[in-house]
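Asks: Chains as they are written, first to last, in numbering that gives the first Met the number 0: chain A, 0 to 138; chain B, 0 to 893.
Some clues are possibly wrong.
As the list claims (entries may be wrong) - Only pairs whose alpha carbons sit at most 30 Å apart, straight line, appear in this in silico DSBU-like list of lysine-lysine:
(1) B/K295 - A/K124
(2) B/K242 - B/K278
(3) B/K658 - B/K749
(4) B/K295 - A/K9
(5) B/K879 - B/K658
(6) B/K242 - A/K26
(7) B/K295 - B/K439
(8) B/K554 - B/K653
(9) B/K439 - A/K26
(10) A/K76 - A/K41
(11) B/K313 - A/K26
(12) A/K101 - A/K76
(13) B/K91 - B/K313
(14) B/K239 - B/K313
(15) A/K9 - A/K101
(16) B/K235 - A/K67
(17) B/K308 - B/K239
(18) B/K239 - A/K26
(19) B/K439 - B/K304
(20) A/K26 - B/K235
(21) A/K67 - A/K101
(22) B/K653 - B/K592
(23) A/K124 - A/K26
(24) B/K439 - B/K308
Note that these hints are calculated values from the structure, not bench results.
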Amino acid sequence: MAVCIAVIAKENYPLYIRSVPSQNELKFHYTVHTSLDVVEEKVSAVGKSIGDQRELYLGLLYPTEDYKVYGYVTNSKVKFVIVVDSSNTSLRDNEIRSMFRKLHNSFTDVMCNPFYNPGDPIQSKAFNGIVSGMMVQTG
Amino acid sequence: MAFLSELKQDTQNALKYYRAAYSLVHELRAHETNMLEIKTMAGFINYKICRLCFQHNTPLDAIAQFRKHIDLCKKKIGSAELAFEHSAWMSKQFQSFGELFDEAIKLGLTAIQTQNPGFYYQQAACYSQDRKQMAQQLCQAGTTYPSPDPLDTQSGGLDFYGQRPWRQGHQSIDPTDPEKEKMGILALQIKERDVPHSELIIALLSNAVAQFKKYKCPRMKSHLMVQMGEEYYHAKDYTKALKLLDYVMCDYRTERWWPLLTAILTTALRCAYLMASVKDYIIYCMELLGRASTLKEEQKSRIEKNLFKVLMNKVPEAEAECDPSSVSAARSLWSDRMALSGSNELTVEMQDYIPFIQCKARFQSPSFHVDQPIQLQVFLRADCPHPVSFTKLSVSLSNQEYNQWCVVEPSGPETRTLSPWKPESYSFSFVARTEDVGRKVEITGVEVMLGSDGGRCVFLSWRGAGGDAASTQEALQASRSSRRWGRGAEARQEPDWDGVTLQHSTMIISRVPKISVQLSHQPPALSNEMYRIGLTVQSQEDAVARDVRLTAGLKPGQEAGLGQNTHVTLDGSAVCDDSAPALLTEVPLGDLKPGEQLQTCVFVRCVSTGPRVFLFHVAYSIDTAVEGRRIVCRCHKDETVAVETVVPFDVSVKFVSTKFEPLEQVAVDVPFLLMTDVLSSSPWPLLLSSSQLQLLTVTSNTPQLQSQLQQVVLQTGEGASECFCLRVPPGASSNSTMATGQYILSWRRKCYGSDGPLIQTTVPLPHVVLESVPLYIYADLPSFGRVRESLPVRYHIENRTAQLQEVEIAVDPSDAFMFSGLKQVRLRVLPGTEQALLYNFYPLMAGYQTLPQLSLSLPHCPTASGTALRRFLPQRIFVKPQGRQADDASIAAA
């Protein structure tokens, strides 16, 4: 399903990033990093117009030849980015949405952990499991 | 046909025909051999279509068409041996589409962030990279160019674009001559090898960078710049590569994408190695060893070994993944560099990097007394896998003179070693100079020297109190976690690295005084008095306090007007005047031996009421020794006291007639009384020494005005009254108001004794309204009568006008008196003269009795009524009962 899933902190540094191990990891890092441009643009544009009634799901950020990048921003400006293979055309918008929702829920659980210091890289096993679940579905 | 319509400017039709042609091309039977031909044709037609779409201002159609085209053609690679051709073709497609797009934008089309020519340029570059890789793989074989050049066409041109030159004229699909085919492929491969791939890629990338810059994609831009840098590296243009990489490194560092930063650093390190650029090499090594790098331990340890080799002035090991040929070139470069003597010192500014040695410096406290040694701690921690040793650690401070105390230079051959991940702390202490009291001392920099003078030495210098590009964020994180975990972390033995906070400056403050200053006074202050504040300075010093100076007075920074209303003096014998200052400064009090005490008095005169704060500042100098150095310290002690100022007494003044009736107007040349009441509101007993009347126009009715308040002591709430008989001299104009003068009281606090100065308080007397009376009548009568004894009363009638006045006088009978005399009379009074009427009253009853009333009337002067005149006459008299002779005596005694 997803080939790369990343959680980016408010200050735009990665809290969590994981990609399909077989491929060039660095490339995914770059892809996620460059997608932040679009995320920021979208967030600032939306913030001006509607205020707090904000849609968290940002939709398709940008398509490259090989991948589709989807973005999601929580209310605390933490960003989730999911990279999907372009060839996977069966994937619908709704499914991406539910993936993000699942990711957000899991992230909230991580934040609720009293031993987690906000801003540190995420090392939670449960979160890892959820992410793996989303990536494994590729089948 | 389409081309024809295009020529005819019929663009809509042209588009239709082109579309038809495009689908026709794809219906052609594709085979390995004619693949290139088909693709070339499709490319041409696609180009045309897209261009027309842009012309028709339907960019979405153009993009969709292009996508379709790419999706269709992506899989048609053609012959495996010439795969690079396909990549080149793809790249060409993207590039031309990017150019079309760009052109359209120039013609007024607006692109958006996610859809701009930059992407196509980037993709084109991407395919060019593919092409290069494939070319590298495939083009190894050919060594000699085939002698009969198969690419040469005798006819001087091809019949169709995209046809293989050696296959011209053949229509069948099977290759006719396998030998010729092979030769042709080989020739193409060799040709491909000569293509300057890197330059192509860089050109495309820089195009893309320019586009992304336009569409506000800083991160996209950085990514492309990294790619450009890498391409330059492949093209062996290391300086340009380093420049680009250096530029983007900052972005990634501030964004804290460590894996990407590490990747870039690794490339940069290779560049620096191949260039044999010592400084860059060292910097990249240090950053790769630092905590931000995500390299594995063994890689780190290899880099660290290399770093130390460089520091020892030796040639480092080659970086992995480097071209063997360039490695050997680099090796010789390095050895040249090493052989070069001089310029082997190097300073690296740390705050722009994330180096492998972290530094935190702090003063032990935010302020130090001048007689304490200033303590400074520097913490160092190495993040690299092997211990690091440094040769020198020095701290520079804002005052250069202290720098000499803040250097650690290990004596002897052993060097200070930093174990991995273990913070080391170095303490310094020095004595502040007395001139720096009240100033701040700041850490301006910390320098650690690595290497030795013999080899190569690198100064790692941190600006301020240490910290690098990542430490502020880390400190924030640490503070977050420590807030959560409370102070439990501090109990640990090991100094917690994250818990160490920077303290980059300290105040030098003066020494704590060992004297006591006591104030004795009796608040509140009374306005205008010389308020005495006693000051006792007791020395608890071990040595003689020399040059004791007192600054006393109103504390600065209070209400603005207080300065003019407050006067301070040391001389309490006389009332000071307004020239005395509000703050006495630097009054010398001499020396003070240990244990002795010193007393002095300060007098304060507060003109206005209200609260004031007074400051007493005692300063002295004393010799002390700090760590064997003798210094002279100035110490001072401040005491403040708040004093309320109140009014000592209230004075009320009123005018009354001789009958003690309050007067609204005062008749000219008629005696009246002035009553003064002094009511003490001071909490302390007051001594009224004397009082005095200063009269202006009015004169005293009595020959000499004598104060009736002399040496009177008033307790709180007590009052003292005085009464003066006054008269307005004749001739004053009537119906005007007139100042009467002022009333002066001299007083002091009773407790101050006779040495305290007398304070003069002046109370202005109220103005009076004058009136003139035409006729003045007054009575001469004894102070009391006695029952059945004759009481002679003489009435005087004075004419004060210039005319003759006729007066009718009648005496009303009274029950209490019998009287003899004129009962009713009409008489004339000449101007300026007076007439007297004599009556003999004979009281019949004892006690206060109403006298028989004289009713007066002036027929010629209606303004003055009889009642107005009657107020001058006594109404009643006290009549004593008829008694014996003894009673008389007792009454007289009373």
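Asks: Check the hint pairing B/K313 with A/K26 against an upper bound of 30 Å on the C-alpha distance.
Replies: Roughly 36 Å between the alpha carbons, so the hint for B/K313 and A/K26 is violated.
Asks: Would the pair B/K439 and B/K308 pass a check requiring their Cα atoms to be no farther apart than 30 Å?
Replies: 42 Å, violated
Asks: Check the hint pairing B/K295 with A/K9 against an upper bound of 30 Å on the C-alpha distance.
Replies: 28 Å, holds
Asks: Holds or violated: are the alpha carbons of B/K239 and B/K313 at most 30 Å from each other?
Replies: Within the cut-off at roughly 26 Å; holds.
Asks: Is the hinted pair B/K242 and A/K26 satisfied, with a Cα-Cα distance of at most 30 Å?
Replies: 22 Å, holds
Asks: Are B/K439 and A/K26 close enough, with their CA atoms no more than 30 Å apart?
Replies: Given that 30 Å is the threshold and the Cα spacing comes to 51 Å, the pair is violated.
Asks: Given the proposed pairing of B/K91 with B/K313, does the C-alpha separation stay at or below 30 Å?
Replies: Violated. B/K91 to B/K313 sits at ~48 Å, over the 30 Å cutoff.
Asks: Please work out if B/K439 and B/K304 have their alpha carbons no farther apart than 30 Å.
Replies: Violated, because 42 Å separates the two Cα atoms, which is more than 30 Å.
Asks: Hey, B/K295 versus B/K439, does the alpha-carbon distance stay inside 30 Å?
Replies: 44 Å, violated
Asks: Does A/K101 lie within 30 Å of A/K67 when you go C-alpha to C-alpha?
Replies: It holds: about 19 Å lies between the C-alpha atoms, which stays within 30 Å.
Asks: B/K295 and A/K124: Cα distance at most 30 Å?
Replies: Distance of about 23 Å is within 30 Å: holds.
Asks: Does the alpha-carbon distance linking B/K658 and B/K749 stay inside the 30 Å limit?
Replies: 36 Å, violated
The earlier numbered hints that this structure contradicts are 3, 7, 8, 9, 11, 13, 16, 19, 22 and 24.
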